Amino acid sequence: MKNIITIVIRLTVSCLLAASIMGLCFIFTSNAKKHNEHVQEQRVIYDLLGYKNGAKIPDSLALHEVYRYVISGGDRQSIGYLVPQGHGKGFFFVNIDLNGGLLASKTVALGDTEALDPKTRDKAIEQAAGPGYTVKFADQTIVVTNNGKRIAYLLGGKFQGFKTFVNVMLAVDPEFTILGLAVLEHEEDPGLGAEIVQDYFKNQFKGKAFEALKTIEVVKAPIPTEYLEALNGRVSEEASGKLREQYKDKAIYALTGATISSKAVAEGVKGIVTKFAYRLNVLDKILQEQQLAVSF
Amino acid sequence: MANDKSSMQLITRGILSENPIFKLALSMCPAVGISTTVMNGFMLGIAVLFVQVFSSVTISTFKNVIHPRIRIPTYTLTIATWVTVIDLVLAAYLPEAYAKMGIFVKLIVAFAIITMRLEMFACKEPVKDSFWDGLGMGLGFMIGMMVIGFVRELLGSGAIFGFDVLGFKPLLFFILPSAGFFVVGLMMAFFNWIEVYYKRSKGLK
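Taken in sequence, the protein lines are chains A and B. Quick note on numbering: the numbering used here labels position 70 of the first sequence as 70, and the sequence is numbered without any gaps. For the numbering used here, count along the second sequence from 1 and bump the result up by 296.
To be clear, the hints were calculated from the coordinates, so they are not data collected in a lab. Treat each hint with caution, since some may be false.
Covered, in the sense of this in silico footprint (three residues per stretch, anywhere, with C-beta under 8 Å from a C-beta of chain A), are these stretches of chain B [said to hold, decoys possible]:
1. 363-370
2. 380-390
Derived pair list, reagent style SDA-like, types lysine to any residue, alpha-carbon separation capped at 20 Å [as the list claims (entries may be wrong)]:
3. B/Lys-465 to A/Ala-221
4. B/Lys-465 to A/Asp-139
5. B/Lys-359 to A/Ile-9
6. A/Lys-2 to B/Ile-366
7. B/Lys-402 to A/Thr-164
8. A/Lys-34 to B/Thr-380
9. A/Lys-206 to A/Val-183
10. A/Lys-220 to B/Leu-467
11. B/Lys-424 to B/Val-361
12. B/Lys-465 to A/Lys-34
13. B/Lys-396 to A/Lys-2
14. B/Lys-359 to A/Ala-221
From a predicted model like this one, the values you see are computed outputs, not experimental measurements. All residues carry an ideal CB built from backbone N, CA and C; glycine is no exception.
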C-alpha cells in the first residue's frame, strides 16, 4: 500500500513538473510562433504575386480578405460571406442561398485584427446569422487590388493527395488564369509525390488559362528539355514567358513514378478554381444588385 | 557505479562499436522511413542528438528520486517534455530550420534508442558520463542516418545534398521505404565484415 502511494505521488509530481515546463515554454514562445506563421503566410502571398525575395511592394497594392462560411439550421443551408468595407470600417455579412438568391445582408462591426482571429470572427458571424443557425468556417479568399482595380485573387484550398491532404495556395488573375501555385503542406512520398513542391512541376500550372484548366489532363511523358529549363527558371523571363504562352493549353506532365499525386494536384487545382469562379460570379452579382460598397 | 571509460571512449563507442543503427539495430523505423536523402538524415540526427543529450542528463540528475517501478513512464515523460520544448523553441526562434525539421522532431518521442540509453546507461551513471554517452549515441545515430541517406539519395535520385551529380536517376526503388531495409541490411553486413577482417588481421579472436 505504501508503495502504491509513493508511486502515485512521484508520478503525479513528475507529470506536474513536465506540464509546467511545457506550459512555460509554450507561453514564452507562442507569440513568436504566431508572428512567424504570419510572416511566412505574407511571404507566400507576395511570392505568388511575383514580388520575390523582398522585391519592393508598391503602396497602391492592397489585400482584402473575404471569409466564406457555411450556415446551416432549420431546413435550409446557405453560404455566408464576410466582405470588408475597407480598412477599419467594418464588414458586410452577405447570406446567399444555394440557388444564388440573397437571404440577408447587414453590416457587421468588427475590427481588422478581430476578424483575423477565428474565435471573434466566428462569434460575429453567429450573431449575424441569427439564432438557430450553426456556422462553419469554409475558406478564405484574398482579393488583391492595385489602385482600387482588382489584379488577382488568392485562393486557399485542400484536396486529397496520394496519402493525405495537400494544402495549397493559388493565385489567379481576374480572368481566372493561374498566376502561381504554392504547396503549403503535404505528406507525399519523398522523391516521388513530394516532387510536387518542385518548380518544374508546380510552375507548369502558371499561365494556364481558365478554359484550358476546365478540361486539364495529366500525361505520362517526359517534359521537353526546353520547357523543363524554363520551368526551373534557368532561362530569361522573356523566353520563359514565350514558352508559357506556347504550353498554356497543353496538359500537365506527370511526375515520374507519381502519376496519382500529379493527377490529384491537377484535379484539385481545377476544382478550386472552377468552384471559386462560380461563387465569385454569384457574390459579385449580389453585391452589385444590393449596391454594397465593398473595398474591392 | 563507477565508470572506467573516458569521455572520448564513450563518444567513439556510440559511433563505432555500439552504433545505434548498425550494431544495436534500434530505431529502425526512422532509419528506413526517413533516410531518403543525406539532408533528411542529418536533420533527424541533429534532433535526436539534442533530445538524447538533454534526456540523458535529466534522468542522470534525478536518478536517485525515480522510483524503479515507474522508471519507464518517467523516461517517456522526460523525452516527451524535451521534444515538446525543442519543437516549440525551434518553431518560435528558428522558423527556417523548423520548416525542414518540424516533422522529424515530433517523431522522436517514440524512438527506442533514447529510452534504451536512459535505461542502460543514464539511470546508473554520473551526469558527466551520461552527457558524453548521449552525445556519442546521438552522433552515432546521425552518422548512420547520413550514410544510409547518402546511398539511397545517390542511387535513388542521382543526387547528393540535393545537387544533381549523376544527371539521371539510377534506381527509383531506393527511394521507397522497402529499399531502406536492403540498404540497412547490406551496410550492417558490410560493417560486420570490416570488423571481422580487422580483428583477424590483428590476430585477435
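Hint check results:
By the rule of at least three residues with a Cβ nearer than 8 Å to a Cβ of chain A, the coverage given for the region 363-370 of chain B holds, with 5 such residues. Here the region 380-390 of chain B counts 7 residues with a CB under 8 Å from a CB of chain A, which clears the bar of 3, and the coverage holds. With a C-alpha separation of about 16 Å, the suggested pair B/Lys-465 and A/Ala-221 falls inside the 20 Å cut-off, and the hint holds. Only pairs whose Cα atoms come within 20 Å are accepted, and B/Lys-465 paired with A/Asp-139 is rejected, the gap being roughly 40 Å.
At most 20 Å may separate the alpha-carbon atoms for a hinted pair to count; B/Lys-359 and A/Ile-9 meet this at roughly 16 Å. Distance hint between A/Lys-2 and B/Ile-366 is fulfilled; the C-alpha atoms sit about 15 Å from each other, no more than 20 Å. With a C-alpha separation of about 18 Å, the suggested pair B/Lys-402 and A/Thr-164 falls inside the 20 Å cut-off, and the hint holds. Restraint check: the Cα-Cα separation between A/Lys-34 and B/Thr-380 comes to about 17 Å, which is no more than 20 Å; the hinted pair holds.
Proposed proximity of A/Lys-206 and A/Val-183 is supported: the alpha carbons are some 13 Å apart, at most 20 Å. As the CA atoms of A/Lys-220 and B/Leu-467 are separated by approximately 19 Å, the hinted pair is consistent with the 20 Å bound. Our distance criterion of 20 Å between C-alpha atoms is met by B/Lys-424 and B/Val-361, whose separation comes to about 18 Å. Only pairs whose Cα atoms come within 20 Å are accepted, and B/Lys-465 paired with A/Lys-34 is rejected, the gap being roughly 40 Å.
Using a Cα cut-off of 20 Å, the hinted pair B/Lys-396 and A/Lys-2 is violated, with the two alpha carbons roughly 49 Å apart. With a C-alpha separation of about 61 Å, the suggested pairing of B/Lys-359 with A/Ala-221 is violated against the 20 Å cut-off.
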